[in-house]
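Enquirer: Residue numbers (this note's numbering), protein chains in the order written: chain Z, 1 to 129; chain G, 130 to 621; chain P, 622 to 945.
Keep in mind the hints are simulated off the structure, nothing from the lab.
Capping the alpha-carbon separation at 25 Å, the derived lysine-lysine pairs in PhoX-like fashion look like this:
(1) G:K231 - G:K156
(2) G:K156 - G:K237
(3) G:K156 - G:K578
(4) G:K237 - G:K283
(5) G:K283 - G:K231
(6) P:K940 - G:K283
(7) Z:K124 - G:K283
(8) G:K231 - G:K578
(9) G:K283 - G:K578
(10) G:K283 - G:K154
(11) Z:K100 - P:K633
(12) G:K578 - G:K568
(13) P:K941 - G:K283
(14) Z:K100 - G:K283
(15) G:K237 - P:K940
(16) G:K614 - G:K538
(17) Z:K124 - G:K568
(18) G:K237 - Z:K100
(19) Z:K100 - P:K940
(20) G:K231 - G:K154
(21) P:K941 - Z:K100
(22) G:K237 - G:K154
Calculated from the model, a selection of chain Z residues having no Cβ within reach of chain P, i.e. all distances over 12 Å:
(23) D115
(24) Q117
(25) E123
(26) E125
Note that the Cβ used here is the ideal one computed from N, Cα and C, for glycine as well.
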Amino acid sequence: MTMILGLYNYWIVIVLMMIGFYIIIAHGHLIKKIIGLNIFQTSVFIFYISVGKVEGATAPIWQEGILLYSNPLPHVLILTAIVVGIATTALGLALIVRIKEAYGSVDEDEIQSMDNQDVANQEKEHQQC
Amino acid sequence: MLVHLPILQVIVPLIAAPTCLILRKPKLVWLFTLLASSLAFVISILLLQQVMLTGTISYELGGWSPPWGIEYRIDKLNAFIALIISGVSTVVLLAAQTSIEKEIPQEKQTLFYILYLLSLTGMLGILTTGDAFNVFVFLEISSLSAYSLIALGKDRRALWASFQYLIMGTIGATFILIGIGLMYQMTGTLNMADLATRLPEVAETRTITTAYVFFIVGVCLKLALFPLHFWLPNAYTYAPSIVTAFFAATSTKVAAYLLIRFTFSIFGISFSFTTLPMETLFLILGISGIFIASTVAIYQDNIKHVFAYSSVAQVGYMIVGFSLTTHAGLTAMLLHMFNHALMKGALFLALAAVVYRVGSTRIADFQGLGRQMPLTMAAIVVGGLSLIGVPLTVGFVSKWYLVVAVIEKGWWWLAGLVLLGSLLAVIYVWRIVETAYFKAPIAGRQPVKEAPMAFLVPVWLLVSANVYFGIDTRLSVEIATAAAKSLFGVAQ
Amino acid sequence: MVGIALAVNQIKDMFAVVMLAGIYGLVSASFFVAMDAVDVAFTEASVGAGISTLLMLTTVAMTGRTEHEASHKPLLALLVVTVTGGLLIYGTFDMPYFGSADAPVHNHVAPRYIYDSMKEIGVPNMVTSVLASYRGFDTFGEVTVIFTAGIGVLALLSVVRRPKNDAAVEAINDSMHEKHLVLRVVIKTMIPFILLYAFYVQFHGDYGPGGGFQAGVIFAAAIIMYALLFGLSAARRVITQPVVQLLSALGVLIYGSVGFVSMLNGGSFLDYSVLSADPIAGQHLGILLIELGVGLTVASVMIIIFFSFSARSEYQQAKKGESL
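Pulled out of the complex, with its shape left as it was, chain Z reads as follows:
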């Protein structure tokens, strides 16, 4: 029983991670994939932060008289990871804008079929030569 109490936080985070992961691979709309990526990554952050929490402690800013602090190291790591996440998101979205311009669509299946169409057309062209 204590095990469930001690671990259920992690389980919920894992569920969140998996929903994010699922959104990435199951959806064809490119922006949704990026959002899924965001949810996936944010959930990993929540996991790291949960690892750093100490029961009954406060935020890691030194105050007179307080002795129990939560662990600052995961916070530092996640600050960096959040920045990395936004960097990836920004790049991904920029790519989507360009893809929309070039293909006229932001749906994975449509883009893939356009590419296959291109290849098929090139085949025909070269057979004619």
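Please arrange chains G and P on chain Z, whose structure you already have, making use of the hints.
Expert: Structure of chains G and P alone, referenced to chain Z:
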């Protein structure tokens, strides 16, 4: 200054990148980038010499000793790979300005060089650091710059390839992050040497097993190990040609480094290979990679696709060597990393020259090129021979060492498979040779001139290296063997 | 939060999805506060819920509001996700329990950060001392990541030739802004306060939650707000493209220079103790300078990214105008 070499290895290209924004003209930026890359190359040579003489170097960043501060740790393994990466980077840069004249619009050329330097920084940073989270940060630097560089390709499929790579790469990086997080949770440290000492206590836990699996899966995605290789063929094919030349020779090597480092130095051989059936798994995946990728390569129309799939196959060879878990197997893998960088660097650079003159890399457009671009095609032929593993080339050396390592284990059937793989390579290389030399040039097309010196010099530098190191193998073998030995010495 | 995530999965209206994603970020931020991670909450709220949502909305505006029906049943995806999730849950069984004080993470490296950092660095915010000093090189890498993203977005989205219908586009934008009089007045009064707050966060990061990243984002937010209301060209007159690019490079270079000066003074890269006669003063100086570098680059890159997206949007509109 010499004591600061480890950090300078990464800082030189890192600081060079934003400085490029201040210089404006592309030609000036190109020279500056070339300078920075050569400097990084010189530093890597010095570092390797130092390590071979005195052993592992440790550098404390910020003056804080590990595990509280971040440590840079140079040993024979990463010094060797840093040498490869910075060397290929510099040689490829020689042809860069000419190549991108036709492939990247004028106003974006400065940005191209900045991204190139950042990519180099990222890779060198992954190699030299001794801190697990630092690996993640620099992995993302190299990945983000890679996505951007690939997307600079002219064809719109470059954008799609880059996006797919972004999605897969970020999933991989997040898996690696999860792995690091789990390791941290169980040991309380991020320093790699510290992890190595603390992991054995908790090695039996399910958490660490999970950590290992996630980390390795993330790395294998970046490594393009079958079946996680899907991003590679399109990314290599549609990126600007000079980018492909750079990445084909470098990006998978860095991922392979991570695999070796974490398996041998951090998790330890006994954990990595006994707790889970990694040996068998890697062997199967490696062999599948070799055969499936080589076979697909045979049917491709675009030569860049052919060689991209060939790269996936080569990763398979490396993993086969890895899965043997013997000293000889690891030496073979390291040798192949060195040799593959030379082979693919030369091949893709020569292809870049073809693109410059012909504008396309479809096999059909290669007709008669043997006579019109003799030096360039000769380079491709030598590179192809190296891929197959013909004696006197570096390809032969790595295949030889691999077969010897396999036979040492008594697995004659595997040796046979390796040789069979070479046979497949013969087929796809022959297609190119046949079209270039034995078919008449396409009627009605303007005669194609030989590639300019800017291409020929670096291409033939790499090709000669292919032949030179295929004949005089002392340097590469000595370093690879020493590196493998040190890894086995450290691991339990 | 699980509910929000599931909703994101199901809903087909992209605008709603983006809004939900923003809410997800905001809820995560509050969760972080509950977990004592105040700096992280600050950053997640500004970056994850703020900038991220903004960029996604811009992209949705340029790409269309609805998602098409998936053509195949996502059984394979479900399988992969279940296996992965199952593996992770398997891994939790040997973990130290949530919140336990005797977990390895709290007893090895952390105690020095918590109890000695005041003595060694003299800064109450332990997260800042770890971020800026103990693990300062990681933060250098992080600044580089942001810089890389800025360059990448520039490489992808920047347009050189000014759209021919410059005047026309400007007129459209200006007329629209005329309508939002209340907003204009309110925003105009708020911007100086926001900028001031950004500076406060930048320099007070040693003592409370804050620091370079958060400050940079807030500063950029003020500029972006201005641009949203008054038009891209007006904002561009204040913050020109070459200047902001230079500033982004400058931030990274400042950070690197601090490292170099440390090396020249005999320490290793980014060792602040050698920057001044008194090591603690050196630490303060080093942290101040690198946080400045961070704030500079983050603010400039966020502005660059936003401007690039807006400029591309105008470029697309101009192209549509030409072809009509």
